[in-house]
Amino acid sequence: MTVNVGIIGLGIMGADHANIIQSKVSNAKVTSIYDKNINQAQRIIETLDNPEIHNSGLELINSNKVDAVMVVSPDDSHVEFVLESIKLNKPVLCEKPLSHSVKECNDVIEAEQKIGKRLVQVGFMRRFCPTYQEMKKNYNNLDVGKALLLHCVHRMVSAPSYFESVMSIRSALVHEFDIIRWLLETEIVEIQIIKSSIRKDLDFVDPIMAIIKCANGAIVDVEVNANAKYGYDVRAELVCEKGTILMSPSRKNELLINNEHSFSYGKDWRPRFADAYRNQNQAWINSILNNTTSEGSSAWDGMISSFIADKGVQAFEEEKTVTIPVKEKPNFYN
15 MTVNVGIIGL
25 GIMGADHANI
35 IQSKVSNAKV
45 TSIYDKNINQ
55 AQRIIETLDN
65 PEIHNSGLEL
75 INSNKVDAVM
85 VVSPDDSHVE
95 FVLESIKLNK
105 PVLCEKPLSH
115 SVKECNDVIE
125 AEQKIGKRLV
135 QVGFMRRFCP
145 TYQEMKKNYN
155 NLDVGKALLL
165 HCVHRMVSAP
175 SYFESVMSIR
185 SALVHEFDII
195 RWLLETEIVE
205 IQIIKSSIRK
215 DLDFVDPIMA
225 IIKCANGAIV
235 DVEVNANAKY
245 GYDVRAELVC
255 EKGTILMSPS
265 RKNELLINNE
275 HSFSYGKDWR
285 PRFADAYRNQ
295 NQAWINSILN
305 NTTSEGSSAW
315 DGMISSFIAD
325 KGVQAFEEEK
335 TVTIPVKEKP
345 NFYN
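Sequential numbering from 15 applies to the sequence shown in the numbering used here.
Derived from the structure by calculation, the hints contain no laboratory data. Check the hints yourself; a few may be wrong.
What the hints assert, rightly or not - Listed below are the simulated SDA-like cross-link pairs for lysine to any residue, each with C-alpha atoms no more than 25 Å apart in a straight line: (1) K214 to N230; (2) K160 to E124; (3) K150 to E331.
Claimed, not checked - DEER-style ranges, computed between Cβ atoms: (4) P285 to E333: 50 to 60 Å; (5) P339 to N64: 24 to 34 Å; (6) E333 to S37: 41 to 51 Å; (7) P88 to E251: 46 to 56 Å; (8) D282 to K38: 10 to 20 Å; (9) T61 to D217: 30 to 40 Å.
Positions of the beta carbon are idealized from the N, C-alpha and C atoms, including for glycine.
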């Protein structure tokens with residue numbers, strides 16, 4: 015059986031997803047696409063097997079040639095397309111965020127519960143990254159004791175021209191919120207954002223440091239640096255009672271030439287998380303074929319990440335530590 019996938023949004027991420035589904039995932043095919051930029055849609059067709067071009071995202075979702083939907087459109091359009099997919103009982107993989115609005119996230123949760131089936135997976139792909147999966151496996155299976163500290167690094171080469179300070183929280187830190195909850199199997203209960211005041215060449219605050227307290231007592235620090243210059247670099251170190259698990263930067267080759275030992279970093283997130291995206295998309299397709307619940311982040315997880323992001327923005331703007339109430343998860347999402 016082949017799952018016919020429709021993709022809404024064909025920017026950098028959408029085009030990558032189209033290529034992954036078409037050439038790197040088994041039992042799936044891109045049959046329909048939509049982007050408000052018709053020229054972009056026509057360019058993408060050349061790399062695929064002649065999918066249909068639709069006039070709107072809603073038209074694509076309603077096509078009888080679409081079994082499942084990928085939403086990779088601008089953030090503020092996500093919920094409309096996700097709700098329409100749920101209405102038609104079609105599985106949907108929505109790039110993060112599900113929505114920046116907690117209320118809209120709750121609308122999705124209510125829609126899923128109403129039909130009695132989980133159809134939404136949110137694209138927090140780090141859960142499918144081999145380095146994070148190995149860290150979680152070692153933490154759970156080795157005799158390292160309880161987690162005490164988690165040190166996280168999230169560095170980008172340079173920020174885009176439209177970057178704003180809160181994007182470090184809503185677009186970058188939000189990934190950490192999801193991976194912290196997944197890795198440590200706990201909830202985040204407190205957040206503080208420390209602002210750097212060193213750089214004067216930017217019109218936004220960079221870098222920032224988040225200090226996070228978890229319900230299980232673990233403390234997490236996260237550096238978000240949007241202008242690290244040397245490359246895209248995401249890694250972590252988990253300090254436990256009886257040992258430490260250190261995640262090395264993901265790299266394929268190390269060079270020992272010209273009296274130097276070096277390795278290269280990617281220019282953006284795609285090389286770093288290429289395996290994660292492929293694994294995520296394959297797991298999503300497998301869950302559809304097997305009629306099982308996806309292994310990825312649920313609509314509930316998407317809502318929680320947006321809720322914590324709201325508290326993070328509050329902590330940033332008010333320059334204080336903010337308490338995060340723990341929401342009771344419905345049995346539907348257990």
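Hints not upheld, ascending by number: Structure breaks hints 1, 2, 3, 4, 5, 7.
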